[in-house]
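Undergrad: So you can see what is in the structure, the chains are spelled out below.
Number of protein chains: 2
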Amino acid sequence: MKEWLDTTIKALNLVDSMNQPDGFTRLGYSEEELEAMNVFRNVAESLGLTVRRDQAGNLFARWDGETDHVVMTGSHLDTVENGGGYDGAAGILCSLGAVKTLKDHGFSPHHSIEVVCFASEESARFGVSTIGSKSVAGILDKTIEKVTDRHGTSVKEAVESTILNWSTVQHAERSQDDILSFIELHIEQGTQIEDHGARFGIVRGVACPIRLKVKVEGMAGHTGTTPMGKRTDALVAIAPLISFVSEKAEEFSRQSPKPLVATVSTLNVKPDVMNVIPGYVEAGIDIRSVDDDLKRLMSDKIIEKCRSLENDFNVTIKVETLVDNPSILLDGELTARVKGAGESLGYPSHEMDSGAGHDVMNMAAKWPSALVFIPCEKGISHHPMEHSTLKDLSMGVEILAEVLKQEAGE
Amino acid sequence: MKEWLDTTIKALNLVDSMNQPDGFTRLGYSEEELEAMNVFRNVAESLGLTVRRDQAGNLFARWDGETDHVVMTGSHLDTVENGGGYDGAAGILCSLGAVKTLKDHGFSPHHSIEVVCFASEESARFGVSTIGSKSVAGILDKTIEKVTDRHGTSVKEAVESTILNWSTVQHAERSQDDILSFIELHIEQGTQIEDHGARFGIVRGVACPIRLKVKVEGMAGHTGTTPMGKRTDALVAIAPLISFVSEKAEEFSRQSPKPLVATVSTLNVKPDVMNVIPGYVEAGIDIRSVDDDLKRLMSDKIIEKCRSLENDFNVTIKVETLVDNPSILLDGELTARVKGAGESLGYPSHEMDSGAGHDVMNMAAKWPSALVFIPCEKGISHHPMEHSTLKDLSMGVEILAEVLKQEAGE
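Protein chains in written order, with the working numbering: chain B, 850 to 1259; chain L, 850 to 1259.
The reader is advised that the hints may include incorrect statements.
Each pair may be met inside one copy or between any two copies, as identical chains are not told apart.
[Unchecked claim] With a cut-off of at most 25 Å between alpha-carbon atoms, the simulated SDA-like pairs for lysine to any residue come out as follows:
#1 Lys952 with Glu852
#2 Lys1150 with Pro1108
#3 Lys1097 with Asp1121
#4 Lys995 with Asp871
#5 Lys1119 with Arg999
#6 Lys1064 with Val1168
#7 Lys1150 with Phe1162
#8 Lys1097 with Pro1076
#9 Lys1079 with Ser1105
#10 Lys1167 with Ser1092
#11 Lys1064 with Pro1089
#12 Lys1064 with Pro1233
#13 Lys1119 with Val1168
#14 Lys1150 with Asp1121
#15 Lys851 with Lys1227
#16 Lys1079 with Glu1099
Since the hints were derived computationally from the structure, they do not count as laboratory data.
Okay, chain B solo, but in the shape it has when bound (with noise of 0.2 Å):
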């Protein structure tokens, strides 16, 4: 199984050694992302899994049972710009590697097995993540469609570059009957596996991100001519934010139980030129916390400090809120079961919530769901040196089989 693993493992992120110093880059509905689906659906047919593409761009690998019932599992193949190999993949993986264990010690499913690979999971590409997962389970607002990327691609043009029709995406929906549960396996991309001397984790709640876009209006002008007191400089303006963000967020996470992150992840200055003041400043900030409540005040925190930063450097500050969800919560019982399968397997469980959002939180909108995590080295994530071990790869794959084994078995 390790050999297969690390073969399968390269050959979904398309290269001969997972050793990339620029890391991976397959952005949601790029030609990228097709070539590694491709991967899966090769990997898939060669187990003996019938795999179709529904109107949203994801892939169905199915094992048909008796009945047509269907356990699903499964992950995305999508990344960040210079992002890991095991993000995603890792879970596609695990969950063929499930069904090839299944295979070769000739289980025969009552109900059917599914493995999904979920399109564009990252919010990396548009700023708007799970659009497989979300058509799936019939919750995608399709007025995203003209939400464009960097290069100004739209989400509708970046779909249909992949031989798809958006006016029919809305058909990828899944009726409520049809699945019985999704269990989704994920790098833990944190350490508290680890830190509290567990093999994997077993997810209670995803923390659903606030994500707000801060436009800051200043005045352009020559560096070298405009006196330091005629200035409105929007990057200076902006930089006590920088700060604000971090610390408010460390001193939350130190007054409330659940924790709270805070990141002013993107920033983009214009025009960027050596011998112009920036008259204009992009800011995207991530917050995330299950506590729902926590994350509103953080985010009303940062509001407040923008008022603040506009009377201090007289320029203006206009605050977008791009996302606000409430955290999800996965189904108990069902997270029970799979606890207890990797408990019978020997591996100790941790129970944690998530701070990274996955298909899964979209999935549980409609399905009985539950998340497993597997470590990630050092928690690194998001980065070139992203890595999972054989060994935990290979628990994976064991405590899915498991769980595929006791769900879709009679």
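Knowing the structure of chain B, use the given hints to seat chain L on it.
TA: Just chain L now, with coordinates in the frame of chain B:
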């Protein structure tokens, strides 16, 4: 003349109206700069001048006198991104207008007159300024050939895309004997002329910048799963430097008789996506003062601050000095004659320093040179709202015509 000025400034800017909300974008060695230079060629030829292009892409429009010695005037037609239509273009316009005035009045030059349109004056594209005039003065550092713009195009590639050969760029150098004097007219890009109740500025010295590139290496990570206490966020680390540069420059300006300005003008965050902690930030800092010691002290303070931020935030900060040139003094005698010429026409002058670099600073390294400023409204420059009135442009034509008559006459 005003009608000619109005028509010609629009033609040089390739527009029907100077009111352009997005301003003007003609980067050095771009299609757009070439197009504007072709308009220059056409206007100059319509005035009876003979135009040639040198090995660096500069255009010289020549009016042969009785001697081969040249009195030269001119400026540039490239712009920053989304800049104004007068920075550079005003000097080109007034130089051509002065020739037209002298021709209309039947003037016959003793020495030859050349109107020069220098290539690539702005540092907006490559972070390197005045490539054309450096070539003419023989002080071009050819190792800049590998410096790239944000799209990865090198200086060499850009120059060669305009049908020039980089290997012969040094042949653009003019000999010492060839040129008697150089007089540039430029918009002030500040408000000192107006603040002192004058009509034009006469420049004693040009404050050349120190330019620093600051590279901050932190660690990328998932915004949702990396606890605040476990981060090394490159943007959080550099944020206090932005405030520091602004505050320290204000403090130095208050304490010193000669003002200092300093600006964090460029800032690039990597990977710059919503759910990834900034792992790397690169910032560009521009420092100017005619007091070179003060300028260097400011640079030292910035480097010192970076060392302390390295400690505070556990990041690695590298500071690279891109440019550090001493300030330039212009020719005292020529400057006095230019000042006298303007005042003889009834225009009060203001003696001042220039906070911005101009082509004249390279020409001054080899030939007696002078710099005349005309006002631009509210001092706004490098911005779509940059504007000089037809009244001030007409004055510029009159002053340059008077200067050329004196310098190129018998």
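Undergrad: Would you list, in rising numerical order, the hints stated earlier that this structure does not obey?
TA: none
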